[in-house]
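Visitor: With the hints as constraints, model all of the structure from the sequences given.
There are 2 protein chains.
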Amino acid sequence: MQNAFRSIGLIARATSIMGNRLFTPKNLQANQFLYLLRILENPGITQADLATQLHVDPSTCLRAVRKLSAGGYLTREADPTNQRRKRLVPTAKAQADAAQLHGYEQALLTVGTQDFTPGERLMLQELLARVAANIEGLNDDPDRLMATVKRAPHEN
Amino acid sequence: MQNAFRSIGLIARATSIMGNRLFTPKNLQANQFLYLLRILENPGITQADLATQLHVDPSTCLRAVRKLSAGGYLTREADPTNQRRKRLVPTAKAQADAAQLHGYEQALLTVGTQDFTPGERLMLQELLARVAANIEGLNDDPDRLMATVKRAPHEN
DNA sequence: ACTTTTTAATTGCAATTGCAATAACTAATT
DNA sequence: AATTAGTTATTGCAATTGCAATTAAAAAGT
Numbered sequence: 001m002q003n004a005f006r007s008i009g010l011i012a013r014a015t016s017i018m019g020n021r022l023f024t025p026k027n028l029q030a031n032q033f034l035y036l037l038r039i040l041e042n043p044g045i046t047q048a049d050l051a052t053q054l055h056v057d058p059s060t061c062l063r064a065v066r067k068l069s070a071g072g073y074l075t076r077e078a079d080p081t082n083q084r085r086k087r088l089v090p091t092a093k094a095q096a097d098a099a100q101l102h103g104y105e106q107a108l109l110t111v112g113t114q115d116f117t118p119g120e121r122l123m124l125q126e127l128l129a130r131v132a133a134n135i136e137g138l139n140d141d142p143d144r145l146m147a148t149v150k151r152a153p154h155e156n
Numbered sequence: 001m002q003n004a005f006r007s008i009g010l011i012a013r014a015t016s017i018m019g020n021r022l023f024t025p026k027n028l029q030a031n032q033f034l035y036l037l038r039i040l041e042n043p044g045i046t047q048a049d050l051a052t053q054l055h056v057d058p059s060t061c062l063r064a065v066r067k068l069s070a071g072g073y074l075t076r077e078a079d080p081t082n083q084r085r086k087r088l089v090p091t092a093k094a095q096a097d098a099a100q101l102h103g104y105e106q107a108l109l110t111v112g113t114q115d116f117t118p119g120e121r122l123m124l125q126e127l128l129a130r131v132a133a134n135i136e137g138l139n140d141d142p143d144r145l146m147a148t149v150k151r152a153p154h155e156n
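Top to bottom, those sequences are chains C and F.
One point on numbering: in full-length UniProt numbering, the residue at position 65 of the first sequence is 65, and numbering is uninterrupted.
One point on numbering: in full-length UniProt numbering, the residue at position 131 of the second sequence is 131, and numbering is uninterrupted.
Calculated from the structure, these hints are not laboratory results.
Fair warning: there could be bad hints in the mix.
Here are the simulated lysine to any residue pairs, SDA-like style, with alpha carbons at most 25 Å apart [said to hold, decoys possible]:
no., chain 1, residue 1, chain 2, residue 2
1, C, Lys26, F, Asn139
2, C, Lys86, C, Asn42
3, C, Lys93, F, Thr148
4, F, Lys93, C, Thr148
5, C, Lys93, F, Ala147
Covered, in the sense of this in silico footprint (three residues per stretch, anywhere, with C-beta under 8 Å from a C-beta of chain C), are these stretches of chain F [what the hints assert, rightly or not]:
no., stretch
6, 8–16
7, 40–51
8, 106–115
9, 129–135
In this text, a Cβ means the ideal position worked out from N, Cα and C, and glycines have one as well.
Guide: Here you go:
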């Protein structure tokens, strides 16, 4: 049996490529659909919070959001209480695509777990959510992973 | 509960960043350690096969391998039976780092599943391996995913 | 034997990414 | 109130990525 993280990497690369190919006709490359889904579910979210949710660099988030804005999928409204914060609000165009975006996510799950029992499907989602939480915990203490790597380093 | 593929994307991005940071002191950026692990486990593997295993573009694979070669981690030996095939063979330097690379993979698993029972850990690995197989199956029939996306397209 | 098709590795290109540093604004401290 | 520290968004930069097209070699078909 393979280390679970190898499978995770494979699946992530494969689905990213498929998603980008599927949505390029709508000018939604580069995982922009991931950002759009989150904004649709959290209207008014800020870039910083979105970057945290998606585990991408704030600058990466900025550029994806900028492209979505240029494409007419969202507007960036300054928060009256805090001039720096830009609230990301989906447009009607984004709302029109929401169903297809969720349909894509659901299709991935359907095909990816096509031979699963409902119980297995639920189990997978639960276990992965826990792994994600554990990995996010490393953000607050990155050295913990290093400490867990026990073998000798063989420095150059 | 989140769609499993969201968790997969999050985990993949987070671990990729951590891995790159951990191995930059050894000049192993850009997921090169993933390639090196596979080559260590499959000495003599060709670039095409490696690209298939890792689900990356052959050109991406070429450039990662080229950097590993430049860094002294492997040699590229022409296959006598087929002039085109270049067999990738790990060097002693690569062997010396093998333990640390496996240690990193193991550490990821340890931390990522720190609150799991052994049974849950095994279950996760099995379910993910099956998902990976299902997703790879899409390579042979990419339209199947599109067909599964049922919602209306709302073309531009 | 000759042509066509497939395979393996490669290159140019445009686009995305993360990191480091910066700007602008807000909060906290003295 | 003034200075310091922290937050939010941003930009320059170097590096990686996937796609499309190219080269070279092998296999298949005629």
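Visitor: Broken hints, numbered, in rising order?
Guide: Violated hint (a single one): 7; every other hint is consistent with the structure.
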